[in-house]
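**Student:** For reference, the chains in residue letters:
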Amino acid sequence: MCLGIPGEIVEIKAGRDDLAIVDVVGVRRAVNIGLLGQDQVGIGDWVLVHVGFAMSKIDEAEAAATLTLLNGLGQAYTDELQALAESDIT
Amino acid sequence: MRFVDEYRDADRAQTLAAQIAALCEPGRQYKFMEVCGGHTHTIYKHGIEDYLPENVSLVHGPGCPVCVIPMGRVDDAIAIAHEPGVILTAFGDMMRVPGGSGSFFDAKAAGADIRMVYSPLDALKIARTNPDRRVVFMAIGFETTSPSTAMTVLRAAAEGIGNFSVFCNHVTILPAIKAILDSPDLRLDGFLGPGHVSTVIGCRPYEFIARDYGKPLVCAGFEPLDLLQSVLMLLRQLAEGRCEVENQYTRVVPWDGNPRAIEAIGQVMRLRPYFEWRGLGFISHSALRMRDEYAAFDAERLFDVPGVRVADPKACQCGEVLKGVLKPWECKVFGTACTPETPIGTCMVSSEGACAAYYNFGRFTRQRLTEAVRV
Amino acid sequence: MTTERTADWAERAVAEAEALTGRESGRLSPEQQVLARIERARRRRPRIRESRVTLAHGAGGKATRTLVEGIFVEAFRNPTLEALDDAAVLRPNVDRLAFTTDSYVVSPLFFPGGDIGDLAVNGTVNDLAVSGARPLYLAAGFILEEGFPVADLQRITASMAAAARHAGVQVVTGDTKVVQRGKADGCYVNTAGIGLLERPVTLGTGHVRPGDAIIVSGPIGDHGVTVMLARGELDIEADLVSDTAPLHGLVAALLDAAPGVRLLRDATRGGVATVLNEVAQAAEVAVVLDEAAVPVRPAVTGACELLGIDPLYVACEGRFVAVVDGAQAEAAVAALRRHPLGEDASVIGHVTADPPGIVLLRTAFGGTRVVDLLVGDPLPRIC
Numbered sequence: 000m001c002l003g004i005p006g007e008i009v010e011i012k013a014g015r016d017d018l019a020i021v022d023v024v025g026v027r028r029a030v031n032i033g034l035l036g037q038d039q040v041g042i043g044d045w046v047l048v049h050v051g052f053a054m055s056k057i058d059e060a061e062a063a064a065t066l067t068l069l070n071g072l073g074q075a076y077t078d079e080l081q082a083l084a085e086s087d088i089t
Numbered sequence: 000m001r002f003v004d005e006y007r008d009a010d011r012a013q014t015l016a017a018q019i020a021a022l023c024e025p026g027r028q029y030k031f032m033e034v035c036g037g038h039t040h041t042i043y044k045h046g047i048e049d050y051l052p053e054n055v056s057l058v059h060g061p062g063c064p065v066c067v068i069p070m071g072r073v074d075d076a077i078a079i080a081h082e083p084g085v086i087l088t089a090f091g092d093m094m095r096v097p098g099g100s101g102s103f104f105d106a107k108a109a110g111a112d113i114r115m116v117y118s119p120l121d122a123l124k125i126a127r128t129n130p131d132r133r134v135v136f137m138a139i140g141f142e143t144t145s146p147s148t149a150m151t152v153l154r155a156a157a158e159g160i161g162n163f164s165v166f167c168n169h170v171t172i173l174p175a176i177k178a179i180l181d182s183p184d185l186r187l188d189g190f191l192g193p194g195h196v197s198t199v200i201g202c203r204p205y206e207f208i209a210r211d212y213g214k215p216l217v218c219a220g221f222e223p224l225d226l227l228q229s230v231l232m233l234l235r236q237l238a239e240g241r242c243e244v245e246n247q248y249t250r251v252v253p254w255d256g257n258p259r260a261i262e263a264i265g266q267v268m269r270l271r272p273y274f275e276w277r278g279l280g281f282i283s284h285s286a287l288r289m290r291d292e293y294a295a296f297d298a299e300r301l302f303d304v305p306g307v308r309v310a311d312p313k314a315c316q317c318g319e320v321l322k323g324v325l326k327p328w329e330c331k332v333f334g335t336a337c338t339p340e341t342p343i344g345t346c347m348v349s350s351e352g353a354c355a356a357y358y359n360f361g362r363f364t365r366q367r368l369t370e371a372v373r374v
Numbered sequence: 000m001t002t003e004r005t006a007d008w009a010e011r012a013v014a015e016a017e018a019l020t021g022r023e024s025g026r027l028s029p030e031q032q033v034l035a036r037i038e039r040a041r042r043r044r045p046r047i048r049e050s051r052v053t054l055a056h057g058a059g060g061k062a063t064r065t066l067v068e069g070i071f072v073e074a075f076r077n078p079t080l081e082a083l084d085d086a087a088v089l090r091p092n093v094d095r096l097a098f099t100t101d102s103y104v105v106s107p108l109f110f111p112g113g114d115i116g117d118l119a120v121n122g123t124v125n126d127l128a129v130s131g132a133r134p135l136y137l138a139a140g141f142i143l144e145e146g147f148p149v150a151d152l153q154r155i156t157a158s159m160a161a162a163a164r165h166a167g168v169q170v171v172t173g174d175t176k177v178v179q180r181g182k183a184d185g186c187y188v189n190t191a192g193i194g195l196l197e198r199p200v201t202l203g204t205g206h207v208r209p210g211d212a213i214i215v216s217g218p219i220g221d222h223g224v225t226v227m228l229a230r231g232e233l234d235i236e237a238d239l240v241s242d243t244a245p246l247h248g249l250v251a252a253l254l255d256a257a258p259g260v261r262l263l264r265d266a267t268r269g270g271v272a273t274v275l276n277e278v279a280q281a282a283e284v285a286v287v288l289d290e291a292a293v294p295v296r297p298a299v300t301g302a303c304e305l306l307g308i309d310p311l312y313v314a315c316e317g318r319f320v321a322v323v324d325g326a327q328a329e330a331a332v333a334a335l336r337r338h339p340l341g342e343d344a345s346v347i348g349h350v351t352a353d354p355p356g357i358v359l360l361r362t363a364f365g366g367t368r369v370v371d372l373l374v375g376d377p378l379p380r381i382c
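Residue numbers (numbering that gives the first Met the number 0), protein chains in the order written: chain U, 0 to 89; chain W, 0 to 374; chain X, 0 to 382.
Hints in this document: simulated from the structure, not taken from any laboratory. Only a predicted model underlies this, so the values are computations on that prediction, with no experimental measurement involved. Idealized CB from N, CA, C, for every residue including glycine. Only true hints are included.
One side only, chain U facing chain X, incomplete, derived with CB under 8 Å:
| id | residue |
| --- | --- |
| 1 | Leu2 |
| 2 | Ile4 |
| 3 | Val23 |
| 4 | Val24 |
| 5 | Gly25 |
| 6 | Arg27 |
| 7 | Arg28 |
| 8 | Ala29 |
With the rest of the complex left out, here is chain U (with noise of 0.2 Å):
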């Protein structure tokens, strides 16, 4: 179950406060941000969508960390490897 896309905000409709265009790389819907609250999302952030609505704006800063973790254990591990390669434990 839960099919959800992240998306760009980058239209909020004028007269409703809980409407906005997302864009999916050039596809665009309207989106129900009601679960959300306009003060918390605006133009430019980027939310998850799930059947039309936005459950979560999207932490730009734990995507990267996220991100960075999986960067950095895959230099740890080739650290690793070659400092186990390296050394004789015979």
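Could you slot chains W and X onto chain U? The hints should help.
**Tutor:** Using the frame of chain U, we list chains W and X on its own:
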């Protein structure tokens, strides 16, 4: 696609896979249940199991809100659809689910006006533009989707739309997890938590799993790297002797969930005393119905639903497959009476059900497929 | 306030007749003038006066003739058709003919990038093209709903005429039926096509073997997603147009450059995945695809992600899949890319021996999955 492609990077996957392998105790079998059907889908779509060592297996849990709908409820919806002037609206997932006498597609062929929608708001729009028809929305889904139904009902009430109602089949995830945990033949080492349900309920509600049942849970995102990282976090907990709830999907899941969403659900719906889950039987306080204040939008009160229970054939062993006790191919009717074209039980009904996923994909050994692909 | 009004159509008929009368010369007797006038009127291409198709238009009599001459013959304009015989007599001078038929029931009838008329011509042309034939003649059968706007029919026919000219084919025979209001969803079209097999090439699954390359002629899924969005039920907007196009020129370019083409298939209903499953099963080989190599426009990806659909199963109307001798893959792609319709042609996979009858995908993520035959159409999902 931003926030998607970065988490599908194959190079990062290689290092994660190595880390995962390094954390496994040799000779020990690890079984993690991914609760959410969306996770099952990701696992198969991207071929994630190729990155897991032989001794780590992912078990597909009951997190498919479509699969767990009893056949009788499908029949009820079809009965409503056949009432004069009714337009039944439903998500695409529902169209092929067989009831006691056929699916929504079959009912449509027999003359019922059943339309597919992407959002409950689209169903409301149909009601608005067809004032002489009665529009019923077949509401399904876990807590990810219930707030959307609730918000739509609130909007209908605010606009005074009198020809819109909801046939509510929303279910809640925790009782299903608890049913799995309480089963005597449980063999799980941990859980991959449903990332999008958690955008609504947060991570706090899972604490009882670690505290009372001693199983770790990592709330996982839906991209391949999210899943691999979550498996790694579970293995790390086990290796370090920890047992707690962790959040891997921090970019989207707040620990405390979405208070507005929870409030919307609570305003419009309340828990049913019990509800039947296909494959798991009756579970108390596991599903939602419309509150009395919103009776005008409750299809169950506006229409006469037959309410006849349709039992799965006795040969069906979905319950055991759902709990991770049986592998799909170990079910006696798997692949013979029960196939994706003629699904006998819940595990075969949706493409994310354990049996459907295995039928479509697992007919071949991983070895054979990997060799075929490597040229 | 008037309680009386004139009938506009009658007034117009009188005015037109008077305009004609003015052209008569004074050489003929009054009676001959009247008879000549009637002769001229009968010989003139009839014009449709009604704004909507009625059951009379399908009855076979005068109204049908008016419809056929006023709309179809007018648009398609060729001597064979104008004879309006029960059958078109053709004189192909080849040993082998390719013959195909398809029915077109698309909804909505008009969508970004084309309409049912474009599909009706291009679709049948393409079936002939991928058989290695030069498309030449089409038959067109129309089933119209009572009440269908004549303007829409003219628009569809104009599209078909333009598509036919573009593809170098003639509509040489046809049929029209009108059914009661509520049936036929406006307009259904069937086209059958004949093409000449002038090339000695034989194409078919029997020629497919391990080591062959799988090539797709351009980005996939454009048509199916465009039509799905055009229905308006999903309230999704995207800058997408249908990819409907005649492929005979592109096919010719390919066959000229790469004689080792085993098989061509146009990827319509069910998309590329369905075509490849059919090939894998018929040839008893495995097809292994490389997800990263499959060309898909970002908007198609976005719409499919949003709806939970796999582009591999989405229909195209201007793309073909080619199975080509692996050694000629590069030359084949180069030839396709030189043609405007093949700019994004790519090798997307190859054929292996095992496991037979199966299509596999190496995901961009580096995993493997099976691309099975769908049970029914791809449907949007929430899960």
